[in-house]
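J.: Fit chain to chain and form the complex, with the hints in mind.
Read top to bottom, the protein sequences are chains G and Z. Residue numbering for the first sequence follows numbering that gives the first Met the number 0, beginning at 0 and increasing consecutively. Residue numbering for the second sequence follows numbering that gives the first Met the number 0, beginning at 0 and increasing consecutively.
Because the hints were derived from the structure by calculation, they are not lab data. A quick note: this is a predicted structure, and the numbers were derived from the prediction, not measured. One should not assume that every hint holds.
To be verified - List time: in silico PhoX-like cross-link candidates among lysine-lysine, alpha-carbon distance up to 20 Å:
1) G:2 / Z:91
2) Z:41 / Z:91
3) Z:181 / Z:91
4) G:17 / Z:91
5) G:16 / Z:91
6) G:16 / Z:77
7) Z:181 / G:2
8) Z:77 / G:17
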Amino acid sequence: MEKRRSEPFEEFFNRVKKANPNVRIDNTPVKSNKRDSFAENMKSQEQADFFMKMLKMLQQEQKEKEQKEK
Amino acid sequence: MHVVINFEDTYPFETVTPDRTKFTFNSPVLNGGPVTITVTIKSAFSPFFMEFMNLAFGPEIEGQIDDFAAIRHVNLSKAFSTVLLCGYDYLKFNPEAFIGMDGSDFRRAYFYFRIIQRNYEYLHQHFRIYGAKFYVRLVRGQDKNDYLKIDPEELIYLPYQIENSPLIDHKSLYNYFILYLK
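Just chain Z, same shape as in the assembly (with noise of 0.2 Å):
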């Protein structure tokens, strides 16, 4: 899956909030019509970065957004391209602000990196970006009495410029990516 993130080639918004926080658009899908994806930049709070501001996007069901959800984008690039330009929109509102992606699963985790990766000389015209290896790995289905297996560096936040490099072992997988306008 060859993604190109491109801000002139996006779907149109069908909703907008004044604080740019949230942000809906159609995705039209390979199993028929259009799915409608909400884009919401949230506060959240973590003891590293204290508070700071959380993308997710998926459809909304019941009044929350269902981030597992596995949606067959028709043009896969013009959704994350959208997706992207919410967070881009939202920075240019607070542009000393930064928002954080999480992969909500280690393949989403790879996937955004590799997004980010291959579209490394577009992205940095607009953004700075870091990816983190992030204790967030532990909350995933870890009961807190459980004995931990775990790189010790996923405890601590470190900022990681990500380059345009392969992979090169686990490790260096980054599950979290924190956005700066550029």
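Excised from the complex, chain G in its bound form (with noise of 0.2 Å):
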């Protein structure tokens, strides 16, 4: 699949500048979110094997129940 173009920082920037002339670059980096978001919590490995376990459990339970409905 042939790849797709990616736009220039000038092009944007162009852009950006057009709608307000002072707009400035900030690379001031923000930390996560207020709430414990589960993106944050899904980079403990301990959640994640948790799910991982749950997973493995609801699809077990699923496969028993459909069997026994046969």
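T.: Written out as structure tokens, the structure is:
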């Protein structure tokens, strides 16, 4: 598949400057969201393991249910 | 609340980053003065998606985005159009990437779902959009030892193409929205 063109920064910046000539470049990092996002939780291996365990358990339950119905 | 998305009617950005992962803009609010809204597109992780980019927005308080803040925007359509424009600009810089938007609670997830549905034609000119029933609901206020009372589908990442049809029942509510560049 053909790789799509990435919009160069100059092109982007010229466009946003048209809307606001005073637009600034600000690289100040932002911390995570105020709430504990699931994404942050998922960074913990313990959490990831917990969800994978639950997933397997539910898949097993589903399989057993399907077999009973047969 | 009828939100009309239009990338030609947005608030100008106050700040941007060269990698287009952080934007700020001012949105006038009903109780006076503009509020500076920060939009970030940050790397996140899930065992199913692995590394992906999550879009979050809200006022920045002590260097953190408060995405639970209740902001009474004067022009909700313009504010949401600006937020989505940030995602669009990010994807134009990273055309192979995809971004995710997480409704931070059921009310917001439903609200985003309605925005996507109401602006179906317009948004599909720019994005391929999927909704995911996601295990994310589990991690909200749930202790890991609690008994799980959930739809098994929510434990599996299942992307669905969002159609312009009415919401049939509660189960069809997606709580995570995935946007690819068209």
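J.: Against each hint, give a clear statement of whether it holds in the structure.
T.: Structure-based check of each hint:
About 12 Å separates the Cα atoms of residue 2 of chain G and residue 91 of chain Z, which keeps this hinted pair within 20 Å; it holds. About 16 Å separates the Cα atoms of residue 41 of chain Z and residue 91 of chain Z, which keeps this hinted pair within 20 Å; it holds. For the hint linking residue 181 of chain Z to residue 91 of chain Z, the alpha-carbon distance of about 10 Å falls within 20 Å, and the restraint holds. Between residue 17 of chain G and residue 91 of chain Z, the direct Cα distance comes to roughly 18 Å. Compliance with the 20 Å bound is thereby established for this hinted pair.
A hinted pair counts as satisfied when its Cα atoms are at most 20 Å apart, and residue 16 of chain G with residue 91 of chain Z qualifies at roughly 17 Å. Distance check on the hinted pair: residue 16 of chain G and residue 77 of chain Z sit about 18 Å apart at the alpha-carbon level, within 20 Å; holds. Taken as a hint, the residue 181 of chain Z and residue 2 of chain G pair is honoured in the structure, with Cα atoms around 13 Å apart against an allowance of 20 Å. Among the hinted pairs, residue 77 of chain Z with residue 17 of chain G is consistent with the structure: their alpha-carbon atoms are about 18 Å apart, no more than 20 Å.
The structure agrees with every numbered hint stated previously.
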